[in-house]
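K.L.:
So the chains spell out like this:
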Amino acid sequence: AQSVTQPDIHITVSEGASLELRCNYSYGATPYLFWYVQSPGQGLQLLLKYFSGDTLVQGIKGFEAEFKRSQSSFNLRKPSVHWSDAAEYFCAVGDGNAGNMLTFGGGTRLMVKP
Amino acid sequence: DSGVTQTPKHLITATGQRVTLRCSPRSGDLSVYWYQQSLDQGLQFLIQYYNGEERAKGNILERFSAQQFPDLHSELNLSSLELGDSALYFCASSATGFGYTFGSGTRLTVV
Chain C
1168 AQSVTQPDIH
1178 ITVSEGASLE
1188 LRCNYSYGAT
1198 PYLFWYVQSP
1208 GQGLQLLLKY
1218 FSGDTLVQGI
1228 KGFEAEFKRS
1238 QSSFNLRKPS
1248 VHWSDAAEYF
1258 CAVGDGNAGN
1268 MLTFGGGTRL
1278 MVKP
Chain Z
379 DSGVTQTPKH
389 LITATGQRVT
399 LRCSPRSGDL
409 SVYWYQQSLD
419 QGLQFLIQYY
429 NGEERAKGNI
439 LERFSAQQFP
449 DLHSELNLSS
459 LELGDSALYF
469 CASSATGFGY
479 TFGSGTRLTV
489 V
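Chain order of the listed sequences is C and Z. The first sequence begins at 1168 in the working numbering and counts up by one. The second sequence begins at 379 in the working numbering and counts up by one.
FYI, nobody ran anything at the bench for these hints, they're computed from the structure. Predicted model, so just to flag it, every value in this text is computed and none were measured. A virtual CB, placed ideally from N, CA and C, is assigned to each residue, including glycine. It cannot be assumed that every hint is accurate.
[What the hints assert, rightly or not] Just the calculated beta-carbon pair ranges, DEER-fashion:
id	chain 1	residue 1	chain 2	residue 2	range
1	Z	Leu439	C	Gln1209	21 to 31 Å
2	Z	Lys387	C	Lys1228	34 to 44 Å
3	C	Arg1244	Z	Ser443	37 to 47 Å
4	Z	Leu439	C	Gly1273	42 to 52 Å
5	C	Arg1236	Z	Pro448	24 to 34 Å
6	Z	Ser458	C	Lys1280	38 to 48 Å
[As the list claims (entries may be wrong)] Coverage of chain Z stretches by chain C, computed from C-beta distances (three or more under 8 Å per stretch; other residues unrestricted):
id	segment
7	442-455
8	472-478
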């Protein structure tokens, strides 16, 4: 069965600093990978997704992620964090053989210092 | 507004009771997914319906059931509620594949 690990439960960065959120997955085949963001009291918004092709994926709000098969990782990055980026971030892997269900990591809560 | 509508937004009920959560998918989306988000279990897939038929099942308890109606809205029924069922329940919809759009969720509190 697939699984997703987000090693960092909390991360605090200063506004304007760069950000990297880690995600490691376990999946038998070529994974479908996703990053979602959840603001307090809100649903989940898709930031970006990887299905195949270029391993560097661009998303919304200036985020990007890099798929590294050898490391089973799909880390999320942003060059300069804004205070509005404070939220919880979830990495997920999709199983196309099980009705497109998503398996989520435990999430990383990002705090941004002024 | 994501286009996926969930009602009610908040629900407080007592143990042993039954509740129904409702989801209206985005216009044109045939698939509806239900997820549970709790502090101890995180985000977990419950069940998926596609055009009225159950397509996939995850960690859904036997006390829980769902259905999708001809107008494509879906309902998640939770019965014999326990304290541990307190969670955020999300609905998502998609036209095809993984193009999910999530609703803003129903927060269920069992007291």
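K.L.:
State for each hint whether it applies.
P.N.:
We went through each hint and held it up to the structure:
1. In this structure the supplied range 21 to 31 Å holds for leucine 439 of chain Z paired with glutamine 1209 of chain C, their Cβ-Cβ distance being about 26 Å.
2. Checked against the hint of 34 to 44 Å, the C-beta distance between lysine 387 of chain Z and lysine 1228 of chain C comes to roughly 25 Å, which is inconsistent with it.
3. About 41 Å separates the C-beta atoms of arginine 1244 of chain C and serine 443 of chain Z, a value consistent with the hinted range of 37 to 47 Å.
4. A hinted range of 42 to 52 Å for the beta carbons of leucine 439 of chain Z and glycine 1273 of chain C is inconsistent with their spacing of about 21 Å.
5. Evaluation of the 24 to 34 Å hint for arginine 1236 of chain C and proline 448 of chain Z yields a failure: the beta carbon distance comes to about 43 Å.
6. Between serine 458 of chain Z and lysine 1280 of chain C the C-beta distance comes to about 46 Å, which sits within the given range of 38 to 48 Å.
7. Against chain C, the segment 442-455 of chain Z contributes 0 residues with a C-beta closer than 8 Å to a partner C-beta. That does not satisfy the three-residue criterion, and the hint is violated.
8. Counting residues of the segment 472-478 of chain Z whose C-beta sits closer than 8 Å to any C-beta of chain C gives 4, which meets the bar of three, so the coverage hint holds.
Checked against the numbered hints given earlier, this structure breaks hints 2, 4, 5 and 7; the rest are met.
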